[in-house]
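Student: Residues per chain, in single letters:
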Amino acid sequence: MSTGEVAIRIRSVGHQFGEVGEARHIRALADTSLDIVRGELLCLIGPSGCGKSTLLNVIGGLLAPTSGTVEVAGKPVHGPMPHDIAYIFQENALFPWNTVDENVRLGMLFQGVPKAEHAARAQQSLQAVGLAEFADHYPAQLSGGMRQRASLARALSLQTGILLMDEPFGALDEQTRMILGEDLSVLLARTEKTIVFVTHSLGEAVFLADRVAVFSARPGTVKKIIRIDEPHPRNPAFVTSEKFTALRNELYALLHDEIRKAVGSDAPRGRRGANGGAP
Amino acid sequence: MTSIQSRGVATTARPREGGNPALDSRLRGDERMKAARTFLLRHPGIVRLGAVIVILLAWEIAARFFMDPLFISPPSRVFASLGAVLHTEGIPNALRLTFFELAVGFAIAVAAGLPLGLALGLQPFARRSFMPIVLLVYGMPKVTFLPLFILFFGIGPASKIAFGVAHGIFPIIVTVVAGVQGLKPILLISARSMGASRRHILRWVIFPHMIPSFFAGMRLGLSGVLLGVLLAELYVSTAGIGYFTTMFTENFQPAKLFGLIAMLAAMAIVLNEIVRRAEHRFSRWR
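Protein chains in written order, with this note's numbering: chain L, 39 to 317; chain E, 13 to 298.
Among these hints, one or two may not hold up.
[Claimed, not checked] What the simulated footprint calls covered on chain E by chain L, stretch by stretch (three residues with Cβ under 8 Å from a Cβ of chain L suffice, anywhere in the stretch; the number is not a length):
no., segment
1, 192 to 201
2, 220 to 228
3, 241 to 252
By construction, these hints were calculated from the structure, which means they are not laboratory data. Because the structure is a prediction, the values reported are computed rather than measured. The beta carbon of each residue, even a glycine, is placed where N, CA and C say it ideally should be.
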């Protein structure tokens, strides 16, 4: 697991949408510093609109922060770094006009992998997520859970050191999430990847993470980091253990005040729908 | 008591089913009707064919018995005249010329309409600046400018092609713009995160996304080009199908006129079918 080496260095990153004084101005993220260690799985958890997805997009180079810097593998991030970072989004981000196999190959084409390696790597990553039989299916023919498996296969085939996951199971039902979480834990124990995982689910955070960074309400920043000392791959029995419950309760206590604050500060202005999901 | 009663019902009911031939055949008839209905529902082509036959029959009867043969010919005579039409001096060349004008006009409309549509669709500023103008010209009855086209491009094929392009290009631009609009932003973000270049994004994301609307636009564009070319030919020409339709009308030869129109329809069907086949190939994923 973690060797202590820093994979992602986040220094005083802050971000605001719109200009100060504008009606749409929002301070999404306030002065956040965080070191993410190579090989660890770090969960970002916090109330809606606390800026955790914003931070993820900043790390991924999809969004330039208003202040602060991010370094990945020692290099400052100024844009997407497809050779170091792969992304898995909440929404279905597969191309609907391509089969699962073609989707995986397209990722490698974009990243610049030599054509000769495409077939073998696609097959290998589809096998890893258990979708080898569905290689020739179109996304519309798959269930939501299978689509996210396909997204995971596409990300794995890129063979990056870092995986950013933005609520990857957010749109799935509880049971599918559970199974995918277990599979992910097994898969990742083998791959030594550094993973940043945004989630709303307390249970998911405790089950998957080595460390959980709890965010405060907007403008968000890391309020506390909780360490989950449990070897990967995590056993399904871990969920029913007292340790799990204790950690989950601790997280809940930390989050509860922040969620109240987020809801309280949002509700009277009545624009939770307008920007609650955006940052 | 109850058992006797129930047996009584049963005994009166059973012979009815088996023994009453009139009711029996009616029941079987009902079933046959139902089977015929489900058969027709599964084969809309048969109903379509039937409708065409009914219309042709009505036309045949009307043309034979009720109307002036100087103005209309029955379909049987039109069909019989096809050979004569084809062997009329100048007709094969006219068909070739019109087909050439159609093909070139359509090619220009697509080749210019697609990049213009992409440029307008992908750049919000360009779209906001120029789209109202495009829509204005699209909506304008271009036939009012037909004399100008003849003036600029002469009475040869050039004016027909230009007028065809003027009709065909706008539906292509408008549908491509609309097609590009609906792209889910997450697909662009995801492609960018994997390192896709602008060319990658155009080829693998935007293009496949707008294929369905592009084909819809091509079909509309095709009928636009057809309309433009024929309007220009009818207005003034020395060759081409339009020249001969005018001639056959003025010489009261409706059989030949309809025969020529039938050939024109065949041409339009062939072009449309080519577009449809290509579309089918590109939309396997739906």
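Student: Against this structure, judge whether each hint is valid.
Tutor: A quick look at each hint next to the structure:
1. 192 to 201: holds (count 4)
2. 220 to 228: Result for this restraint: holds, n = 3.
3. 241 to 252: violated (count 0)
In the structure shown, a violation is registered for the earlier hint numbered 3 alone.
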